[in-house]
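**Student:** Spelled out from the first residue to the last, the chains are:
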Amino acid sequence: MAFPPIKPSKNWTCCPLKLNMSAIIRPAGLLKQYIQDQTSVEVAQGFTIKETLNKLNIPSELVALVLVNGHSQDKNYQIADGDRIQLLAIVGGG
Amino acid sequence: MLNGYGGKILRVNLSSGKVTSEATPPEVAREYLGGRGFGIYFLFNEVPAHADPLGPENKLIISSGPFSGLLIPGAGKCDFTTKSPLTGGYASSSLGGLFTAEMKYAGLDCIILEGISPHPVYLFIDDQKVELRDASGLWGKGCITVEKELKEKLGEEFQIAVIGPGGENGVSFASINHDYGRQAGRGGVGTVMGVKQVKAIAVRGKGSIQVADPQAYRNAGKVLFKACKDSEGLKAWQTYGTTIVVSWCDEVGALPTRNFSAGSFEDGKNLYGPVMREQIVVTDKGCFGCPSPCGKYSRMKRYNSQVEGPEYETIGMLGSNLGISDIQDVAQANLLCDELGIDTISAGSVIGWAMECFEKGILTLEDTGGLDLHFGNVPSAFSMIENIAKKQGLGALLAQGVKKAAEVIGKGSEKFAIQVKGMEQSAYATHNATAMLLAYMTSDVGAHHNRAWAITYDLQVGRELVTPEKVARVIWLQHFRPMFDVLGACRLQWVELSIDRDLYMPALEAITGIHRTWQDLERVGERIWNLTRLYWIRENEGFGRVWDMPAPRFYDEPPTTGTTAGQITKLADVDRLLDMYYDQRGWDHDGIPTHKTLEKLDLLSFKA
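Protein chains in written order, with the working numbering: chain G, 167 to 260; chain L, 1092 to 1699.
Some hints here could point you the wrong way.
[Claimed, not checked] Pairwise CB distance ranges (calculated):
1. A1142(L) - T214(G): 58 to 64 Å
2. N220(G) - M1092(L): 56 to 62 Å
3. N220(G) - R1614(L): 38 to 44 Å
[What the hints assert, rightly or not] Cut-off 25 Å, straight-line C-alpha distance, at most; resulting in silico cross-link-like pairs (SDA-like, lysine to any residue):
4. K216(G) - N1361(L)
5. K1239(L) - Y1196(L)
6. K1320(L) - G258(G)
7. K1320(L) - V257(G)
8. K1661(L) - E227(G)
9. K1376(L) - K241(G)
10. K1691(L) - F1135(L)
11. K1360(L) - P225(G)
12. K198(G) - D1591(L)
13. K1326(L) - D203(G)
14. K1320(L) - Q239(G)
15. K1317(L) - V257(G)
16. K241(G) - T1651(L)
17. K241(G) - L1325(L)
18. K1239(L) - R1295(L)
19. K241(G) - E1369(L)
20. K198(G) - G1553(L)
21. K1691(L) - L1594(L)
22. K1220(L) - V1110(L)
Just so you know, the hints here were simulated from the structure itself, not pulled from any lab data.
Glycine is no exception: its CB is placed at the ideal position from the N, C-alpha and C atoms.
All chains should be built: construct the whole structure from the sequences, respecting the hints.
**Tutor:** Now the structure itself:
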């Protein structure tokens, strides 16, 4: 199965695929640069966080914390319809 | 009167019992600002060369900064500076909580403990009233116990810094504890307080701090707090604190596992931040002026106990590094260290080293006093923590730190003593993360992470790369990050909430009345960095390149498991890192600042 295209949510207009593009990812801090400094992108359900990060070209190893609807999940979590996903990097340690 | 400062340096001569104070020198405030800057200035100038760290000539310098006690995010930081009994070099350890705010309200920029008291005392500071009081009834008791006792006796408003049996007994990595769970943990600052026979310092201030422009100060402070409040990372940071890092370190191979033999732990999942939050955390706890409380109060049902923590470093060093995979066990080990007054990082390192010695047959049951020191043995780890603090049996050897312990035991154990300059490495495995490795090699207190935390940068640009840009990044971090320890504020708001560092400059100007830029401050940072280097050189004959070498494990023994299995930094690359680092710093091949560099930094008057 081909991975659906991903575009910044602001520019999203393609209706036929809209049914698949049902979750929002918000990378924080240094991770934003990988989505051209957009606040968020809309992504497809049914794929794992890790697969989605690969598709977005966000290096998975830079993502320290994944919060899905406010709850921590690992990168094998499968994205569901309507999920709000926050990604955090750690830039400075303790 | 210096705007933004308490205005006084308090000197307590413990040998004579005489207490004096002097005005904070304006030129020192201008050139060194405060905190860690004051610390090295007074240490270098006042403690004679080659002083015995445990003798009366050594001093313990507690210094606040111009932000301390003011309404700036996280402005509850002060620095403890001394000649380290652990390393024989420069020690500075930062303390959060509420202590420094009270210092400033009592008009104190520094408290300098000199000499040695003939009997146990505690220093009582109630604004302008300063007394040395008998502490014989407190001697031998744990940190948390004594803090509670003193608070009940003196009142909640007093802030207490206290040592435990570890400091009393001369454990080389004894900590100073405060607010029931905050520590100045590293380098043996608690050891020096202990040898001076000072059980505790209790301080309450009743004054206020004069600032240059109150309205601009309020405005700049509000902007900073608003930036923190609006940060996307605030909720997660507050929920998990530093434990956010555990799962990530495990994933990228940076989680110290079984004495740093690997960077990923097969049972690491049980120690992750969300697991800890769900299983043991009761509530959050912040320091003075903190908009993002990262401290966690935890309750360990199995032990019917509670602790502030554990933080990431403690989870790494007393958890995975010892092969321990239950968060309640780690939290209980944390509590033991806190009450006994020993650094959790160094304790985790020396015990991890002893466990590896035991598994390799270098130490036997006879050596351990019958303790089975296999990795993962929780009761043995608890017993060893107590033995270290009380300097009993093998604990007496481990209490000297891992470098000295390995020198005594020998048999190849030096190769897996994970330290630089005698300080045990904190909780980032650096088999394949060259910038972070260099940060540990060159940190000015020994292998501690807080000066330059570069591991994300390693992952961004290529972890195995050895480039001038990586080296430059480490140097920049070494100048910039410790400026928070100079100013007296927590760096975590900048670091983890990603607030713009330029927002701090209007606040500094409004407080002190002096316009400064980060470029200025980084120059101050560079001067301080070179001065700490000169201190190491002055105190240690033959100091040079070899002192900057990492533990051989990071260039000689690739992990066999986990994310970094088979990965290692080559020894030739370690050398290249140092060559580039010295070159960029203006130091010679042996890591000694050149005449030209000292001239450029106006440090020629400091003789190494």
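**Student:** Take the hints in turn and mark each one as holding or not.
**Tutor:** Here is what the structure says about each hint:
no., hint, in the structure
1, A1142(L) - T214(G): 58 to 64 Å, "holds, 59 Å"
2, N220(G) - M1092(L): 56 to 62 Å, "holds, 60 Å"
3, N220(G) - R1614(L): 38 to 44 Å, "holds, 43 Å"
4, K216(G) - N1361(L), "holds, 21 Å"
5, K1239(L) - Y1196(L), "holds, 22 Å"
6, K1320(L) - G258(G), "holds, 19 Å"
7, K1320(L) - V257(G), "holds, 18 Å"
8, K1661(L) - E227(G), "holds, 23 Å"
9, K1376(L) - K241(G), "violated, 29 Å"
10, K1691(L) - F1135(L), "holds, 19 Å"
11, K1360(L) - P225(G), "holds, 21 Å"
12, K198(G) - D1591(L), "holds, 16 Å"
13, K1326(L) - D203(G), "holds, 21 Å"
14, K1320(L) - Q239(G), "holds, 24 Å"
15, K1317(L) - V257(G), "holds, 21 Å"
16, K241(G) - T1651(L), "holds, 24 Å"
17, K241(G) - L1325(L), "holds, 21 Å"
18, K1239(L) - R1295(L), "holds, 16 Å"
19, K241(G) - E1369(L), "holds, 19 Å"
20, K198(G) - G1553(L), "holds, 19 Å"
21, K1691(L) - L1594(L), "violated, 29 Å"
22, K1220(L) - V1110(L), "holds, 10 Å"
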